[in-house]
Amino acid sequence: DSGVTQTPKHLITATGQRVTLRCSPRSGDLSVYWYQQSLDQGLQFLIQYYNGEERAKGNILERFSAQQFPDLHSELNLSSLELGDSALYFCASSVESQVRETQYFGPGTRLLVL
Amino acid sequence: GESVGLHLPTLSVQEGDNSIINCAYSNSASDYFIWYKQESGKGPQFIIDIRSNMDKRQGQRVTVLLNKTVKHLSLQIAATQPGDSAVYFCAENIDSGGGADGLTFGKGTHLIIQP
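As given, the protein sequences belong to chains Z and A, one line each in that order.
Counting from 201, one number per residue, gives the positions in the first sequence under my numbering.
Counting from 113, one number per residue, gives the positions in the second sequence under my numbering.
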């Protein structure tokens, strides 16, 4: 158990809908990273937040957004969902903001868009 | 496109043998590499990392080798056990100065342990 929690574990929704994925980092970690894992694209970095502020952006679509709250939990919002958004979404956390720190991954949220 | 890739999608080894998982990267500016293990239904788990100023780093039963000349990274697992069955990913990062650009992952190698 990495200490990172993600909810829900599974999510099934329809095209055009909007969903919110939630992540609680390990106690004491200030940085949260979001990744998408799909069969064709593999694991891709989406976005990072550090202590409530956006720190780095990766391959995140404009339909996707994230935020980190004062209690350091983070949410990833996916809107206007398409079939191709079906994937595993992982959250990872680290103590500070330097990516060379070990990132601890949560168990993921499996999203299925029908 | 990806700058990190793996040579073999599946590797099958006998229990007790040593496993070697390979990774090629294309960006010579990459200066930090990590190996992750992902078991079925779980998130990636950190195994070991190495910085570009090193050629070799050892952990418990694992060794990572970095050959910057040919841009090649390998993970060696000694005395492979059934619990080592998983998908192994290499990941890289480039120091762009900001220090926080996320990781770029390879596609993964599925390690299968045969009894």
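Mixed in with the good hints there might be a few duds.
Said to hold, decoys possible - List of simulated lysine to aspartate or glutamate pairs, EDC-like, C-alpha gap at most 16 angstroms:
1) A/Lys219 to Z/Glu275
2) A/Lys183 to A/Asp167
3) Z/Lys257 to Z/Asp240
4) A/Lys154 to Z/Asp201
Stated by the list, open to error - Listed next, with one range per pair, are the computed distances between beta-carbon atoms:
5) Z/Ile212 to A/Lys168: 40 to 48 angstroms
6) A/Ala141 to Z/Gly228: 36 to 44 angstroms
7) Z/Thr207 to A/Pro194: 40 to 48 angstroms
8) Z/Thr205 to A/Met166: 43 to 51 angstroms
9) A/Gly171 to Z/Leu239: 28 to 36 angstroms
10) Z/Thr205 to A/His222: 41 to 49 angstroms
11) Z/Gln267 to A/Arg173: 20 to 28 angstroms
12) A/Ala141 to Z/Ser265: 24 to 32 angstroms
13) Z/Thr220 to A/Val182: 28 to 36 angstroms
14) A/Asp167 to Z/Arg263: 20 to 28 angstroms
15) Z/Ser280 to A/His184: 35 to 43 angstroms
16) A/Ser164 to Z/Glu296: 27 to 35 angstroms
17) Z/Asn259 to A/His184: 36 to 44 angstroms
What the hints contain is simulated information worked out from the structure, not anything from laboratory work.
Beta carbons are placed, not taken as given, at the ideal position from N, Cα and C, and that holds for glycine.
The hints, checked one at a time:
For the given pair, lysine 219 of chain A sits about 26 angstroms from glutamate 275 of chain Z by alpha-carbon distance, which is inconsistent with the 16 angstroms threshold. For a cut-off of 16 angstroms, the pair hint linking lysine 183 of chain A to aspartate 167 of chain A stands: about 11 angstroms separates their Cα positions. Restraint check: the Cα-Cα separation between lysine 257 of chain Z and aspartate 240 of chain Z comes to about 21 angstroms, which exceeds 16 angstroms; the hinted pair is violated. Between lysine 154 of chain A and aspartate 201 of chain Z the CA atoms are separated by roughly 9 angstroms; this keeps the pair inside 16 angstroms, and the hint holds.
For isoleucine 212 of chain Z paired with lysine 168 of chain A, a C-beta distance near 46 angstroms keeps the hint of 40 to 48 angstroms intact. In this structure the hint that alanine 141 of chain A and glycine 228 of chain Z lie 36 to 44 angstroms apart at CB is violated, the actual value being about 32 angstroms. Our hint of 40 to 48 angstroms for threonine 207 of chain Z and proline 194 of chain A is violated, since their Cβ atoms are close to 31 angstroms apart. Separation of threonine 205 of chain Z from methionine 166 of chain A is about 34 angstroms and departs from the stated range, judged on CB atoms against 43 to 51 angstroms.
Against the hinted window of 28 to 36 angstroms, the Cβ-Cβ separation of glycine 171 of chain A and leucine 239 of chain Z comes to about 30 angstroms, which satisfies the hint. For threonine 205 of chain Z and histidine 222 of chain A, the hinted distance range of 41 to 49 angstroms is not satisfied, since their beta carbons lie about 27 angstroms from each other. At about 40 angstroms, the CB distance of glutamine 267 of chain Z to arginine 173 of chain A disagrees with the hint of 20 to 28 angstroms. Remark: the range hint 24 to 32 angstroms for alanine 141 of chain A to serine 265 of chain Z is upheld by a beta-carbon distance near 29 angstroms.
Here the CB-CB span from threonine 220 of chain Z to valine 182 of chain A is close to 44 angstroms, at odds with the stated 28 to 36 angstroms. Evaluation of the 20 to 28 angstroms hint for aspartate 167 of chain A and arginine 263 of chain Z yields a failure: the beta carbon distance comes to about 43 angstroms. Checked against the hint of 35 to 43 angstroms, the C-beta distance between serine 280 of chain Z and histidine 184 of chain A comes to roughly 41 angstroms, which is consistent with it. Checked against the hint of 27 to 35 angstroms, the pair serine 164 of chain A and glutamate 296 of chain Z fails, with Cβ atoms roughly 21 angstroms apart.
At roughly 25 angstroms, the beta-carbon separation of asparagine 259 of chain Z and histidine 184 of chain A lies outside the given 36 to 44 angstroms, and the hint is violated.
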